[in-house]
Amino acid sequence: MSNYDVQEYVTVTIANQMFGIPVLQVHDVLGSINLTTIPLAPPEVAGALNLRGRIVTCIDVRKRLGLPARDDSGQRMSVVVEHHGEPYALLIDTVGEVLNLKSEQLEMNPATLDPRWREVSSGIYRTQDNLLVILQIERLLDFAGNASAAA
Amino acid sequence: MDDLLSEFLTETNENIGIVDAALVALEQNPDDGSQIDNIFRLVHTIKGTCGFLGLPRLEAVAHAGENVLGKIRDKELDVDADVVTIILEAMDVIKELLESLEQTEEEPDGNDANLIARLNDVAYGTSSATSGDASNVVGLVNEVTEADLEAAFAAADGPGEDAPIEPIISTEVRPGEVSEADLEAAFNSAPGPDDFEAPVLEAEPIVEAAVATIPKADKKKAPVTDQAPKETSLANQSIRVNVELLEDLMTMVSELVLTRNQLLQMVRGMDDNEFTVPLQRLSHVTTELQEGLMKTRMQPIGNAWSKLPRIIRDLSHDLNKKIDLVMHGAETELDRQVLEMIKDPLTHMVRNSADHGLETPADRLAAGKKETGRVILDAYHEGGHIIITITDDGRGLNSDKIKAKVLENGLATESELEAMGTQQIQNFIMRPGFSTAEKVTNVSGRGVGMDVVRSNIEKIGGTVELKSEEGKGSVFTIKIPLTLAIVSALIVECAGERFAVPQISVVELVRASTDGRSDNTIELINEAPVLRLRDRLLPLIHLNDILKLETAADEVAEKSEVKGDEEFIIVTQVGAYTFGIVVDRVFDTEEIVVKPVAPILRHLSIFSGNTILGDGSVIMILDPNGIAAQTGENVVGDHRFEEEMRKDTTENDKVAMLICHAGGKEPKAVPLSLVARLEEVDVDTIERTNEQMVVQYRGKIMPLVTLTDDAKVAEKGRQPILVFTDNDRTMGLVVDEIVDIVEDHLNVEMASNVDGMIGSAVIREKATDIIDVGYYLQKCFGDWFSTGETAAFGSESSSQRVLLVDDSPFFRNMLVPLLSVAGYEVSTAENPSEALEMREAGKAFDIIVSDIEMPGMDGFQFAEEVLNDERWADTPIIALSSHTTPQDFDRGRQVGFSDYVAKFDRDALMNTLSQTLRAGGGAR
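Sequences listed follow chains A and B, in order.
Count the first sequence with my numbering and you get residues 614 to 764, in order.
Count the second sequence with my numbering and you get residues 1308 to 2231, in order.
It is possible that some hints are incorrect.
Unchecked claim - Restraint-style ranges between C-beta atoms, simulated for each label pair: (1) Gly-679(A) x Glu-1595(B): 49 to 57 Å; (2) Glu-1383(B) x Arg-752(A): 52 to 60 Å; (3) Gly-679(A) x Pro-1903(B): 25 to 33 Å; (4) Leu-637(A) x Pro-1903(B): 22 to 30 Å; (5) Asp-1389(B) x Arg-752(A): 52 to 60 Å; (6) Val-642(A) x Gln-1880(B): 41 to 49 Å; (7) Pro-1585(B) x Arg-739(A): 50 to 58 Å; (8) Pro-1337(B) x Val-642(A): 54 to 62 Å; (9) Val-642(A) x Met-1601(B): 44 to 52 Å; (10) Val-642(A) x Pro-1585(B): 31 to 39 Å.
To be verified - In silico EDC-like cross-links for lysine to aspartate or glutamate, where the CA-CA straight-line distance does not exceed 20 Å: (11) Lys-1855(B) x Glu-657(A); (12) Lys-1378(B) x Asp-1344(B); (13) Lys-1902(B) x Glu-699(A); (14) Lys-1779(B) x Asp-1670(B); (15) Lys-1972(B) x Glu-2072(B); (16) Lys-2007(B) x Glu-1986(B); (17) Lys-1710(B) x Glu-1640(B); (18) Lys-1902(B) x Asp-1670(B); (19) Lys-1902(B) x Glu-695(A).
Bear in mind the hints are in silico, worked out from the structure with no lab data behind them.
C-beta: ideal position from N, C-alpha, C; glycine also.
Using the sequences and the hints, build the whole thing.
And the structure:
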């Protein structure tokens, strides 16, 4: 019955592009955050923050996707996900809503998509006004050491 | 109740529970080796502890049980239901004994000879034939109804009255199998002791039935005896709490602290209002709560040691030894969890040291030692770890004995042993089933112990190291990571970011400036910052440099370096290396709980962890070891760095070089491995004989040479010299100043045509002349190598031909003169192919010395190549490598190297060469 499977996604916007993250993987959405930068860390690591006593590594998704850094200093938000038992905060611009989408409507990544995007996206949904790029958290967090080891 | 005893009771009860379960599992799966090991260890522990607490009955039962388990472990006995039943029976007896021990604090009288006899029967093969004809007894016992029991308890007033009854029965019956309560019941219901005596003596099969009645009996017993309050008070004294629960609480308290801080912040902005007072109280309570919770996790290591003095005392009585236990650093705080894990290993190790390690007083006197042996325990923090050492001044480990035992137990073959170093052989004592004690005493010697120690410590990510010298004693070093522990840290700021530095590694703080305004000034030597700190020069590291922070904010860099703002220097010590870390500001110290960094950041050796500060922000904890490693300094004992070094050497050899100034402005360097000692001699003591400067050094005359003929010896004061030694000969090389020791890639870029110099290399970004020590040795003693040992083989054959294969020009340059003066005829090859070309050209050599790490074909392949062709197949090959791990030795031997020598060990190379040649090349 997988044809009728419905997946829920949290939509987030980064640089005016809408992305979807499976809702079950989202643990928290944070508003203002107090980041500690980590020198020498991979560029994608924006820093670390304290989430109720847990230290969460913060990932700059813009860097990961090869997008330019944000110029305005407006409030940044982040979505906390967990990967191999470790919490990670994904730095994003804004959080949208939760969408119910049918798995069958998921479309393949267009071949012209930037390889960096293709690597982390599991497909595209066409919503009414927007295209929604579905992010794969495992892939998104698989960079630096891991990525080079796999290559 | 005695702390020791109550702890023993809790622990043993737990252990027995585990053993029960494990035994059942073992019965179902008799081939599970880990299960039996586990059971055996636990029973061994029970037995051991009983012995020290003076509980002979318990000890005897446990000992007998252990015998059976030992047989099972050694596969001399098959696991079947009967065997398991009898062991379970022994466990039940132990449980009962423990129960009465908890109530009366004394072991009940009586003995368990029958059970022990049966256990021994099982262990030593004589089959137990006592299981039959007990039906009449069953009948008898079944008659004992609950009502009878109740009646019996009602009649019994308490332990005071029990006492006289007990001995009468227990002398004839085996009370270990039947609880006190049952005995009482039986006593009351039976017509009289005389009638009861005979049948019960053969009553083994009924025991289970009898045991089954015990729980009920106990329930009834509680209200009527005065022992009940004692049980409850013991239970109230301490409870066991899951560490996870504490961890959760800790997290919640942290959050509470944060919320409190936020509130305080808000109120601070306002004038006095109604919130101020309650908030202050909240603040107070929160702080106390936090501290209290911290305390629940942290315990001084002394807690784990508290049992030891008594154990040692008893042990010294049992073994007739005089033992002095010295404990240092008992206040070192450890995470509770870690403490629990190392408690048993520590006890085992101390016991081992006292039992195996120390000799009897007579032996000690004979060996010229003090009669009283010492066992020293020491605990301290070091570079992110807690180190615990256990030192004894006993007999040390006897490698030969260990070897024999290894062979006997089939843990390794003779040839494998042959290839092992002493250290490796000694490490065998940490394998399961290994014991060097000739006699299996009830103290130790069964071969559990060291493997328990190792597995427990490794479980928490620690390591155990063993160093032992026969006749002098042994040192066990346990290294446990600090990940769980609390440390005091100094909070510093650099380029606007805050970092924590573990207080442990901070020696002192110095305030300095770059413009001379304060007493301490940072000076530059070729852009390398240094600080004159009292009597020495302290190398400095700018934190923003190593963290690459200044590139991000030039502004900050300007402020911290050029503008000459005040700076703070954290003087840090890592091993023997002291250096200063320059930071912008120093805040306060704070107690922090070290948390490991995210896996994504694990490769950053510069951080040992991160933590959350009181104000809720995340802060990175700097690892001074990592910083030292980043600056290229070899740090003793830091494994991470050693690994990195090893990685490096495969690409390019890193060499420790001693940098000095002598005759001329350019720095000079000499491989540190060649230098025996650094000395300073008083200029007045330099004498001249026979046109040669000499000093009296260690009762001998030591010639001094200068690097160049026109170099001058200092006019007065002290003259630094480098001392080179070989056999009995010693030479001093006069230098102006010893600058530093650096670890660097050595690449001789320009060969020198000046005598005494091998060439120039870039060391620490400066052109440096490399001193040709061989030249000066020759200059000093023309006969340096031509007499003594080397002459012996020199006379056998006028000149032995050596082929040296090494890709590093430096080593070729260094070794060729050494080998030639030693009387060898040396040919060199840059790589194996070149060497094989020589073979094709029909050349022959008496011996080949080959490097291992070479580009293209490596030394191992080369050796195989050589052996596969009959032209050179008989030529011995000596491997020369900076990799001298045992695995390398093994591999080297496998592919056919005659010997394996560390690259910088000149003496070893010379000895090996002459020995191998003397053996006639057929040694392989």
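Q) Are the Cα positions of Lys-1902(B) and Asp-1670(B) separated by 20 Å at most? A) Measuring from Cα to Cα gives roughly 50 Å; hence the hint is violated.
Q. Within 20 Å, alpha carbon to alpha carbon, are Lys-1902(B) and Glu-699(A)?
A. 12 Å, holds
Q.
Taking 49 to 57 Å as the stated bounds, is the beta-carbon spacing between Gly-679(A) and Glu-1595(B) within them?
A. Hint holds: Cβ distance 51 Å, inside 49 to 57 Å.
Q.
Quick check: does the Cβ-Cβ distance between Gly-679(A) and Pro-1903(B) fall within 25 to 33 Å?
A. 30 Å Cβ-Cβ, so the 25 to 33 Å window holds.
Q) Hey, Lys-1855(B) versus Glu-657(A), does the alpha-carbon distance stay inside 20 Å? A) 16 Å, holds
Q.
Holds or violated: the 22 to 30 Å window for the beta-carbon distance between Leu-637(A) and Pro-1903(B)?
A. For Leu-637(A) and Pro-1903(B) the Cβ distance comes to about 27 Å; the hint holds.
Q. Does the Cβ-Cβ separation between Val-642(A) and Met-1601(B) fall within 44 to 52 Å?
A. Hint violated: Cβ distance 32 Å, outside 44 to 52 Å.
Q) If you check the beta carbons of Val-642(A) and Gln-1880(B), does the distance land in 41 to 49 Å? A) Distance hint for Val-642(A), Gln-1880(B) holds at roughly 46 Å.
Q. Has the given pair, Lys-1710(B) with Glu-1640(B), been kept, meaning a C-alpha gap of at most 20 Å?
A. Violated. Lys-1710(B) to Glu-1640(B) sits at ~39 Å, over the 20 Å cutoff.
Q. So does Asp-1389(B) sit 52 to 60 Å from Arg-752(A), Cβ to Cβ?
A. With a Cβ separation near 59 Å, Asp-1389(B) and Arg-752(A) satisfy 52 to 60 Å, so the hint holds.
Q. Taking the beta carbons of Pro-1337(B) and Val-642(A), is their distance inside 54 to 62 Å?
A. 55 Å, holds
Q. For the pair Pro-1585(B) and Arg-739(A), does the Cβ-Cβ distance stay inside 50 to 58 Å?
A. 57 Å, holds
Hints 9, 17, 18, counting from the list given before, are not met by this structure.
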